[in-house]
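S.K.: Hey, can you work out the whole structure from these sequences and the hints?
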Amino acid sequence: MPHQYDFLVIGSGIAGLSYATKLALHYEQAQIPVRIAVITKVQADETNTKYAQGGIAAVWSEDDSFEKHIEDTMVAGDFLSDRDVVEIVVREAPGRIQELIDYGTRFDREHGGTDYDLAKEGGHSDYRILHFKDITGAEIERALLEKAHSLPSIEVFTHFYAVELITRHHLGETVHRYDTDNVCYGAYVLNTRTGQVEKFLAKTTLLATGGIGNVYQNTTNPKIATGDGIAMAYRAKAIAKDMEFIQFHPTALYEPDKKPNFLISEAVRGFGGILKNMKGETFMEHYDSRLSLAPRDIVARAIDSEMKKSGDPHVYIDVTHVDFDRFVEHFPNITAYCREHYGLDLRKDYIPVVPAQHYMCGGVRVNEWGQTNINYLYAVGECACTGLHGANRLASNSLLEAVVFGHRAYLKSVDLFDRAALPDNLPDWNDAGTTHPEEQILVTEIQRELEGIMSNYVGIVRSNRRLKRAMDRLELLYLEHEELYRQSKVSVNICELRNMIEVAYLVIKAAMSRRDNRGLHYNLDNLLKNI
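If you want our numbering, it's the 1-based position in the sequence shown plus 3.
No lab work stands behind these hints: they were computed from the structure.
For each residue, glycine too, the CB sits at the ideal point set by N, CA and C.
Keep in mind that a hint or two might mislead.
Quick list of simulated restraints, FRET-style, between CB atoms [claimed, not checked]:
#, residue 1, residue 2, range
1, Gln490, Val178, 21 to 27 Å
2, Asp118, Leu479, 35 to 41 Å
3, Leu154, Phe82, 40 to 46 Å
4, Lys512, Trp432, 27 to 33 Å
In silico BS3-like pairs for lysine-lysine, Cα to Cα no more than 30 Å straight-line [said to hold, decoys possible]:
#, residue 1, residue 2
5, Lys244, Lys471
6, Lys312, Lys282
7, Lys279, Lys312
8, Lys244, Lys25
9, Lys262, Lys492
10, Lys415, Lys202
11, Lys262, Lys123
12, Lys136, Lys123
13, Lys351, Lys282
14, Lys261, Lys471
15, Lys240, Lys261
M.R.: See below:
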């Protein structure tokens, strides 16, 4: 028997949980029984949200203003951000964050006071980052999970992996990408404990599947970040947008051959950390007047340039001059990790750092309510492209975007709920003629080659030749993997690799199409063309 729900949420980070919680509270208050399923491919708290260190941005003090936050966001996005969306997110931010606080999120307060301890990060013109030590995302995730588990209409399925969205295509109808009458009816989901693909039907479906980090060799994303939602939506004929804009965090801890890379939060530079090369010399003055507090794309390219010029494997962040006790209070996790895993005493030792893939600014195109071009399919969080980030995300705007659009998707879902309906003849998953593959080493080899292609040719600095080489090699991997996929029983690693190949294609295609250098997209041939 299929699972049948009113709402299906794919992903259990801040975007998915805030949406599900809002729905549950609304219908509970209205005394209308609904069923909400939240599925996640591992344990419920293993999300991109959990690994967000720095904080969540909002205008919170009288000295700050919406106008300043809007302008900072537009500048960081190289003015490719949708200004209407930026204004929506910034102006709705305080209300959404107050709800997180009401759910039990504990943001740090100033010593002996009731005011929140607001931090400042690169690209921000004022102190507006609410945080909990250096594990803000984990604290928000904790509060939201506790709230969701307390609501009887929410059912959380752990170790369930979404394989494919169910749309009108599965009724035998031909659907094109720009058709306006396509509909989502839920998803085919792999129960990883039984190995069976189960049918989860829902009147409304929300994608909140996070980022694409594992397409690259170096990433701060957890292992679950394989672009599943973007790839599934694209196969279902949703539209992808701004996929060329990949944010590399400039300061991940230098740990060769380790994945994911441990993040040294941007807030460390906001706290006073200074970037230096391996000779102990500052270098940001050669790249930007904002020095170590320049936006991430500028800092990442500067570090990349310094490493290529010197041949050094990393640069440093120097925090030896800051108040150590206050630093430990703000960054206990970073301090402990550097000491325990690297033997670093941050009172006298510099922190070795390298850029690593950190955030996907593009994704499934949505409108101001989180709606995709497929009816009753929403996308929120890192898998979505709302227009907020433009060519580059401003620090600590990602958690904010997720909670604002989680709220807006909830409002629209409630508004349209009575119009949604499920057909009776949706087929079960058909894997006739497939077998369990004997050589899983093929998946590992293809993934390793994919990571090399993306890291070497589609990284911080690109060129037309590199992009063409990447596309040519990706096509061979696609053909090799598709043959394996068609012959194999569904498994998480085969499906994840399929999704990563598809997402890599979207990134390369978008990068090849962009003829100017904006924000995170930096093509040497575009630079030469403009000289």
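S.K.: Each of the hints needs a verdict: does it hold here or not?
M.R.: How the hints compare with the structure:
The hinted window of 21 to 27 Å between Gln490 and Val178 holds, with their beta carbons roughly 26 Å apart. For Asp118 and Leu479, the hinted distance range of 35 to 41 Å is not satisfied, since their beta carbons lie about 58 Å from each other. The beta-carbon spacing between Leu154 and Phe82, approximately 41 Å, falls within the hinted interval of 40 to 46 Å. For Lys512 paired with Trp432, a C-beta distance near 29 Å keeps the hint of 27 to 33 Å intact.
Distance hint between Lys244 and Lys471 is fulfilled; the C-alpha atoms sit about 20 Å from each other, no more than 30 Å. Restraint check: the Cα-Cα separation between Lys312 and Lys282 comes to about 13 Å, which is no more than 30 Å; the hinted pair holds. Between Lys279 and Lys312, the direct Cα distance comes to roughly 14 Å. Compliance with the 30 Å bound is thereby established for this hinted pair. Only pairs whose Cα atoms come within 30 Å are accepted, and Lys244 paired with Lys25 is accepted, the gap being roughly 27 Å.
For the hint pairing Lys262 with Lys492, the CA-to-CA distance comes to about 27 Å; that is within 30 Å, so the pair holds. A hinted pair counts as satisfied when its Cα atoms are at most 30 Å apart, and Lys415 with Lys202 qualifies at roughly 25 Å. This hinted pair checks out: Lys262 and Lys123 have alpha carbons roughly 28 Å apart, not beyond 30 Å. A C-alpha spacing of about 14 Å is found between Lys136 and Lys123, which places the hinted pair at or below 30 Å, so the restraint holds.
A hinted pair counts as satisfied when its Cα atoms are at most 30 Å apart, and Lys351 with Lys282 qualifies at roughly 15 Å. A threshold of 30 Å between alpha carbons decides the hint, and for Lys261 with Lys471 the separation of about 29 Å falls inside it, so the pair holds. Between the alpha carbons of Lys240 and Lys261 the distance comes to roughly 35 Å, so the proposed pair goes past 30 Å and is violated.
Of the numbered hints listed earlier, those contradicted by the structure are 2, 15.
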